[in-house]
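Chemist: If you read the protein sequences in the order shown, they are chains A and B.
Residues 19 to 131 in the working numbering are what the first sequence spells out, letter by letter.
Residues 33 to 146 in the working numbering are what the second sequence spells out, letter by letter.
No wet-lab data here; the hints were simulated from the structure.
Hints are not guaranteed to be accurate.
Straight-line Cα separation of at most 25 Å, BS3-like style, residue types lysine-lysine; simulated pairs [as the list claims (entries may be wrong)]: (1) K70/A <-> K31/A; (2) K40/A <-> K88/B; (3) K88/B <-> K103/B; (4) K31/A <-> K115/A; (5) K31/A <-> K74/B; (6) K115/A <-> K75/A.
Some chain A residues close to chain B (C-beta under 8 Å, calculated; not the full set) [said to hold, decoys possible]: (7) P26; (8) G58; (9) D60; (10) D74; (11) F87; (12) S104; (13) A105; (14) I119; (15) Y121; (16) G123; (17) A124; (18) S129.
Computed from a prediction, not measured in an experiment: that's the story for all the values here.
Every residue gets a Cβ at the ideal spot worked out from N, C-alpha and C, and that includes glycine.
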Amino acid sequence: AAGVIQSPRHLIKEKRETATLKCYPIPRHDTVYWYQQGPGQDPQFLISFYEKMQSDKGSIPDRFSAQQFSDYHSELNMSSLELGDSALYFCASTSWKVKNIQYFGAGTRLSVL
Amino acid sequence: GESVGLHLPTLSVQEGDNSIINCAYSNSASDYFIWYKQESGKGPQFIIDIRSNMDKRQGQRVTVLLNKTVKHLSLQIAATQPGDSAVYFCAETPNGGATNKLIFGTGTLLAVQP
């Protein structure tokens, strides 16, 4: 079965650079969530989209933005990167029509040097 | 969820024993709970879920118990295997949330000794 695809898997950036993370949800899933997980920490909700509209917002810095496109894939844009942004970034998808269980991708590991 | 830094609570069990992982949740209005398993370098993997109108649910080798009175959730794994070694997170969805965002609890590292 198709899973959530995230790219890239690993990303190394310098401080103050920008980064774009991509997420391709499971086919027919219309809702996408982004989470940030620091080392040894639990995932923290950042933002979510339903049918291409932002549906909820968590502890996402103003330097970050995201959107969901017509094909339901989502991108998380991160600017003016800081050392503290180094983390695993997970995307999860679900569908209101099926279940509310969120299925997670393998994540993007971002390292800011 | 509240961060615990680099020191996760750890449960060490012998292969074949039963494991019980506990979780305290924060929001008494939450109506949906999920257990996830996260192996090193991977995304959280769904294990089992339970709604607030239930107090027990069983899956294959796993059972989730919900005690709403004390806001406590537990995951029981029968006949624990080395492949069960991972970090386990409980997560809750606040009632009335439009998006079902997950609020994760502190993870527990399960270490299975052969």
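Chemist: None of the hints should be skipped; say for each whether it holds.
Modeler: Verification of the supplied hints:
1. K70/A <-> K31/A: Roughly 28 Å between the alpha carbons, so the hint for K70/A and K31/A is violated.
2. K40/A <-> K88/B: Violated, because 37 Å separates the two Cα atoms, which is more than 25 Å.
3. K88/B <-> K103/B: holds (14 Å)
4. K31/A <-> K115/A: Roughly 38 Å separates the two Cα atoms, so the pair is violated.
5. K31/A <-> K74/B: Roughly 21 Å between the alpha carbons, so the hint for K31/A and K74/B holds.
6. K115/A <-> K75/A: Satisfied, since the Cα-Cα distance of roughly 22 Å is no more than 25 Å.
7. P26: This interface hint is violated because 14 Å lies over the 8 Å limit.
8. G58: holds (4 Å)
9. D60: holds (4 Å)
10. D74: It holds, given that the least Cβ distance between D74/A and chain B is near 4 Å, below 8 Å.
11. F87: Hint on F87/A: violated, closest Cβ of chain B at ~18 Å, above 8 Å.
12. S104: Constraint on S104/A not satisfied, violated at 14 Å.
13. A105: With Cβ-Cβ at 12 Å, over 8 Å, it is violated.
14. I119: holds (5 Å)
15. Y121: With Cβ-Cβ at 7 Å, under 8 Å, it holds.
16. G123: holds (5 Å)
17. A124: A124/A check passes; min Cβ-Cβ to chain B is 5 Å, inside 8 Å.
18. S129: violated (14 Å)
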